[in-house]
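**Q** What follows is the residue order along each chain.
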Amino acid sequence: MVRLIDVYKQYDNGTKALRGITARIDDGEFVFLVGPSGSGKSTIIKLLTSELRPTEGKVLVNGFNVGIIRRGDIPKLRRTLGVIFQDFRLIEKRSVYENVAFAMRVVGAPPRDIRVRVPFVLELVGLAHKARRRPFELSGGEQQRVAIARALINNPKLIIADEPTGNLDPARSLEIMTILNKINSLGTTVVTVTHESELVNRFAKRVIAIDGGRVISDRTGGYFAR
Amino acid sequence: MKRYEVMYFFREGIRGVFLHGFTSFAAVSVIAACLLIMGSFSLIAVNIDRIIEELRNQNKILVVVNESLSRAEAQSIGTRINRTIDNIEELEFIPKETALENYREQLGEQGNILEGIEDERNPLRDRYLIQLHDVSLMRETIERLEGIAGVEFAAASFEVSEFILSTRSIVKAVSYTLIIMLLGVSVFIISNTVKLATFDRREEIGIMRVVGATYAFIRWPFVIEGFLLGLTGAALGFFLQWSVYSSLTRMVNGLIPSFNMSPFDDLMIIVLLLFTGFGFVVGVLGSVLTIRKFLRV
Ligand SMILES: Nc1ncnc2c1ncn2[C@@H]1O[C@H](COP(=O)(O)OP(=O)(O)OP(=O)(O)O)[C@@H](O)[C@H]1O
Ligand SMILES: [Mg+2]
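Residue numbers (our numbering), protein chains in the order written: chain A, 107 to 332; chain B, 944 to 1240.
Some hints could be false.
To be verified - Only part of the chain B face toward chain A is listed, based on derived beta-carbon distances under 8 Å: (1) Y947; (2) Y951; (3) L962; (4) E1146; (5) I1150; (6) M1151; (7) V1154; (8) A1156; (9) T1157.
It should be emphasised that the hints constitute simulated quantities derived from the structure, not laboratory data.
Built from N, CA and C at the ideal position, the CB exists for glycine as well.
Model the full structure from these sequences, guided by the hints.
**A** Here's what the structure looks like:
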């Protein structure tokens, strides 16, 4: 569960990125976070992953209070999340299988579990047959599916995606969103930033619209719902 | 820490060494080169110190007793010298017969020029051979020795003793300065090499952090990688040092047969320990300190 309570964020250079955001996302929800460039969407995502701390207000994510979290607890919070980026962030020197397994290894999962779980998740994103390939041998859409598999691998409660379709053509974007929707229907909460109104309208989910660091609309339905 | 985790750290550490082959090669070479340079200077310093010690031991003061004194009186002067002068490490009485015998031996083949000079016509006098504590006080000590009644004269080669003293202090100063400089340079170069290796992997580190790896977990493979690089560099440096020192020994022995360099066998253990220690510290510390920067945020 995510709760943002009157959250302000001012960057070190004085930029006021968030000016009083309040929102609540319950377990099992699918939420689109939309808004113009520079409105503060990525800043919210970074607060949720504990990459940033709020200047004021409270950010609660899966039972952790990001504002006062201890350094040593940050990895614990992150293990409850799966994060997906616009630029995929795969390790070029590792195979698809290794990129996904890596996320399990570094949290100390036993090899036996890894051997069972990785093929399962690759199957889920439709890439089981490309497990031995390297990222550069895949299309953008396929690379993003690897990143989704990696985000899913540790069975997170919450998937957070910052413009996951930003680098993809409309057909690939639809594919990625469909996978995220499928993951959501299996019980995982999904929060995704997007610019693509067509996608938002198509899926008819909850849409939180941000502008100038404030929530300007929070409704279920299309992109321009007000 | 579980067994499969330790295995993971080692696998990743070894993978890192080979994956970043060029950087690893550079780090190992730099460590080996620094060790070789520092080691060579230290070993040369050790040998020069040894020659100096030997020369110093040979550089003694000769105290010749007055001709008119009886053997008993001559021997009593030894007690007087010991009582009045405290800069004495060793005092040896040499009766004139022994002195003549030594002289003959020194002359060797030409010893026959002393033919006919027997004990009763011995031109030499009873004497003392004195080894000083502090060679730098030689001049004063000689003056004081000559002040003792019954001493005919005291003498030593000032040139030799002064040469010895100044050489020793120059060698010491130069080798310490060089070693300290090289130590600084090698730590700098190595930490930069490790920095390059870490920089190469900042994305990987970023991904590890995003998926919730703990700081310790992220650090371990790098520590092992640094450890492996340090030890490999130390081993390479050790074998290079061995062969360089051995050929140096052969060369020196060819040029100056009378001077024996310390054999490498005698120095092997200490060189090995120092090299390994240096490699370990530099490798592990270099990676730990560098990785810390990437783990912030
Ligand atoms: N690290 C930073 N330091 C200073 N200012 C920043 C930093 N990151 C973002 N900002 C500023 O904060 C504001 C919000 O940025 P943010 O990245 O959250 O926007 P966004 O909604 O994600 O935009 P986009 O759709 O272009 O990705 C912008 O004015 C931006 O310039
Ligand atoms: Mg953004």
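**Q** Which hints, by number, does the structure contradict?
**A** none
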